[in-house]
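Following the hints, complete the assembly by docking chain B onto the known chain A.
Top line first, the protein sequences correspond to chains A and B.
Okay, so the first sequence: first residue is 658 according to this note's numbering, each after it adds one.
Okay, so the second sequence: first residue is 658 according to this note's numbering, each after it adds one.
Each hint should be verified, as a subset may be incorrect.
Stretch by stretch, here's where chain A covers chain B in the computed footprint (C-beta under 8 Å, at least three residues) [stated by the list, open to error]:
| hint | stretch |
| --- | --- |
| 1 | 764–772 |
| 2 | 830–843 |
| 3 | 872–880 |
| 4 | 1082–1088 |
Derived BS3-like pairs (lysine-lysine); straight-line CA-CA distance at most 30 Å [claimed, not checked]:
| hint | chain 1 | residue 1 | chain 2 | residue 2 |
| --- | --- | --- | --- | --- |
| 5 | A | Lys763 | B | Lys689 |
| 6 | B | Lys1139 | B | Lys689 |
| 7 | A | Lys685 | B | Lys763 |
| 8 | A | Lys1038 | A | Lys936 |
| 9 | A | Lys685 | B | Lys1034 |
| 10 | B | Lys1014 | A | Lys1139 |
| 11 | A | Lys1038 | B | Lys1110 |
| 12 | A | Lys684 | B | Lys1034 |
| 13 | A | Lys684 | B | Lys689 |
| 14 | B | Lys1014 | A | Lys1014 |
| 15 | A | Lys763 | B | Lys944 |
| 16 | B | Lys1014 | A | Lys850 |
| 17 | A | Lys685 | B | Lys1014 |
| 18 | B | Lys763 | A | Lys1053 |
Keep in mind that the hints were calculated from the coordinates and are not lab data.
No experiment lies behind these values; they were computed from the predicted model shown.
A virtual CB, placed ideally from N, CA and C, is assigned to each residue, including glycine.
Number of protein chains: 2
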Amino acid sequence: MLLSSITSLPEIDLVMEQSMLAFLEYKKTNPKERAAFLERIALEIETLSEELIRTTQAETNLPEARLLGERGRTTMQLRMFAAMLLEGSWVEASVDHAILERVPAKPDIRKMLVPIGPVVVFGASNFPYAYSTAGGDTASALAAGNTVVVKAHPAHLKTSQLIASAIEKAIAFCNMPTYTFQHVTESSFEIGKALVQQSNTSAVGFTGSFSGGRALFDYAAVRPRPIPVFSEMGSTNPVLLLPNALELNAETIASQYAGSITLGVGQFCTNPGLLIGIKSASLDRFKSTLATAINQIPAAKMLHQGILSAYQKNRSIALSTKGVNSLTNDIASNKIDATPIIAMVSGADFLANENLKEEVFGPYALLIECTNIEEVKQVWKSVSGQLTTSLMGTDKDFELHPELIEMASSIAGRVLLNGVPTGVDVCASMVHGGPYPASTDSRFTAVGINAVKRWVRPVCYQNCPDHLLPDALKESNPLQIKRMVDGNPYQ
Amino acid sequence: MLLSSITSLPEIDLVMEQSMLAFLEYKKTNPKERAAFLERIALEIETLSEELIRTTQAETNLPEARLLGERGRTTMQLRMFAAMLLEGSWVEASVDHAILERVPAKPDIRKMLVPIGPVVVFGASNFPYAYSTAGGDTASALAAGNTVVVKAHPAHLKTSQLIASAIEKAIAFCNMPTYTFQHVTESSFEIGKALVQQSNTSAVGFTGSFSGGRALFDYAAVRPRPIPVFSEMGSTNPVLLLPNALELNAETIASQYAGSITLGVGQFCTNPGLLIGIKSASLDRFKSTLATAINQIPAAKMLHQGILSAYQKNRSIALSTKGVNSLTNDIASNKIDATPIIAMVSGADFLANENLKEEVFGPYALLIECTNIEEVKQVWKSVSGQLTTSLMGTDKDFELHPELIEMASSIAGRVLLNGVPTGVDVCASMVHGGPYPASTDSRFTAVGINAVKRWVRPVCYQNCPDHLLPDALKESNPLQIKRMVDGNPYQ
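Next comes chain A alone, as it looks inside the complex:
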């Protein structure tokens, strides 16, 4: 049975032992077989059709259009990893030929990436498809040749079960080992901890809150054999509103951000939560346009009651902090819907109150009004460790402050110019990660083909006869992939 209803810790041992045994078989599959498997998962998800969308709507309050878009992104991701496998150079193959006349003689050495082992995935509540059961973590781990155990998110359990059933069908259709994928539906704290600490678990992927992501990291760090944990956690995604840009476009930028702050009821990890500007007439125009736009946006349902309660609590804490005022009609969210709100504070009061740096998950942003560009930079630097940071500026702004782009790259994994951070394009250049606490390891991304690098390790073969080498390393390059040869990249 794949859809495990786990109720005791010994069952976790069984799940992870099955995952390890399946891994020993699954990792031997060739790239074409794994590509076909990923493509089949995408097809099986599409085959779930209306039933899937209706189930998720009921569980998450997300509108149909959004869910159709997210489903498209999820199947596209699976197909992207399939294409990556067929292209093949992601294994970073490197060939160094022997040089027998060198003293000492240089041996023949060849290197490639291999899968790390069973990966445990904890999906996000806010992306029931794209960062969940068959989301980016699962797709990248399976692509690399790892088996996967998903702990279903309790907020969309039925959705998760449907997706798990699609993966199960793909496993059967493609004749993959039965336990290539397993689904754990019990959601207790102890089960999560046990999954991370079970001896066969080789890596962990998580998308969600800071407290959850850090807890999993800590569980893994104290294991007898520590394992990598990639937790993608909260972010306030600071936005710099530079003077010349505001002078020319205060109203346009305000409208753009009113949309971004409230998109999906603010339930994106890239939601712009901090807007940083300099007190001026153009910032006043920005404020007024933003407030008017936000006041016109109706309250809306959040994913579930727990998220709504947290939103109400966190915005209350922020609004009751010294120096914080509301720019918008201060209507407390009711018991069903979340009202969007823009709060405001001076740069000095922001710097004096650590709690204002914390993410308020929902349709909320805090406008920080600074006295000059130095204070803007001080505020910005004080919140480093972000998924994204955005700069709204003209050429004139950047001529005056060329240091800002460099600073931005220290603060976040993704730097945006004159745009909004919501909307994470799935492509090879995307970085969805960043310095802690945006993620637990800034050296990796959760989105794009490089997401696979979290689940692979290099192995080299020294003096290995050609016929015993993996195909990626054979002298004749039968996979026809780009390789580094004798230190020359990408031959």
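Relative to the frame of chain A, chain B by itself:
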């Protein structure tokens, strides 16, 4: 003053703050400038000439020829990273062009690797040059654009100070920020812990014992902001002696391994510590040749008294374990020199005694005599987590057991066929690392150009005007590097 004589913890704060301030400048240097800096360090080390070699001989008991070789390797490594910078494609640049007609419109996104921040390096006692003050960790961290703080190894403090003075001269010559490199000479436990836990420290490199490497990992994991630690630790480097290879070449293999086990008085982390074979007449021939060869190798001085004492203690523990006998003349090492020794045990007794899996650092190996190939595999799997594993086998051996190569890649970072693991070639295909406890993160290597990946993180720029992009990402590709373009690798 660069050569810090740190005696108190507040001074560590100062060192790391200086390192961070220097990082903010140093990371702006271009690849050519950093390449020239690394080349200059190599030249300054060579300029130390006889004084360096004599100083290290006195501190380490290592012979001149070995030190000349290791110095050559160290300067070669520095020049290899300089060449990597000039070639340039190591930054893994990726360009995704905008597709405005797509729904939703695809933004222009470009990604590259950037330095992670100040790196603290703890060098090894057994490689006073190549894995120490200006060794692979320092060279790779500086190449990537990070500042470095080295904690000098107390076993070769004067050597470390000389190398630090060479780096200091290169900093002055190349006009790099003064605190690009700092050298901490105090060796207390508290200073090491403070260096790892100081808030500005962004990554740690370590080469040495299991207990030391794990302690640093643990200190880093409990920081408010966890940071990556790459500890390269002990390894027993199991060797499989397959039946047909022994039948044909027992004597040759025995001679080869007698040399490898005693090379450098056995003080290599790739020293072959476990030899696994099947009870047979040819294994008896192997044993007899190996014992004769080892008995003829004279006792020799180890690096320092502490290492000799540990060797004496650990070999005593091994030899007093149930079922363990000595194959060689059982002369206890005297108070100055280490006598090489080969111990022997049955597969069953090895599996029953966990302590036999532990590394005995020195000119020692344990021959494990198994009853059949299944027991060989059982023994082999029981010691997974290795820097290297070697297979001595003929085509016939691998025809009979094609699964062995695949198994080897699960156990170690480097798989050798018909060779000895001592001797780590510095090239792009080298993997010097492996599953825990060989290292704390199997996804990285400490040797070869990929060693740089431990100290970098990806950053992407979305919708950034061309003139504000880093050179590596500009549309015209001014650095003329291989890049991924629109998902097509290495254009």
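Do the hints match the structure? See the list:
no.: 1; hint: 764–772; verdict: holds (count 5)
no.: 2; hint: 830–843; verdict: violated (count 0)
no.: 3; hint: 872–880; verdict: holds (count 4)
no.: 4; hint: 1082–1088; verdict: holds (count 6)
no.: 5; hint: A/Lys763 / B/Lys689; verdict: holds (29 Å)
no.: 6; hint: B/Lys1139 / B/Lys689; verdict: holds (17 Å)
no.: 7; hint: A/Lys685 / B/Lys763; verdict: violated (36 Å)
no.: 8; hint: A/Lys1038 / A/Lys936; verdict: holds (19 Å)
no.: 9; hint: A/Lys685 / B/Lys1034; verdict: holds (19 Å)
no.: 10; hint: B/Lys1014 / A/Lys1139; verdict: violated (40 Å)
no.: 11; hint: A/Lys1038 / B/Lys1110; verdict: holds (25 Å)
no.: 12; hint: A/Lys684 / B/Lys1034; verdict: holds (19 Å)
no.: 13; hint: A/Lys684 / B/Lys689; verdict: violated (41 Å)
no.: 14; hint: B/Lys1014 / A/Lys1014; verdict: violated (49 Å)
no.: 15; hint: A/Lys763 / B/Lys944; verdict: holds (29 Å)
no.: 16; hint: B/Lys1014 / A/Lys850; verdict: holds (29 Å)
no.: 17; hint: A/Lys685 / B/Lys1014; verdict: holds (28 Å)
no.: 18; hint: B/Lys763 / A/Lys1053; verdict: holds (26 Å)
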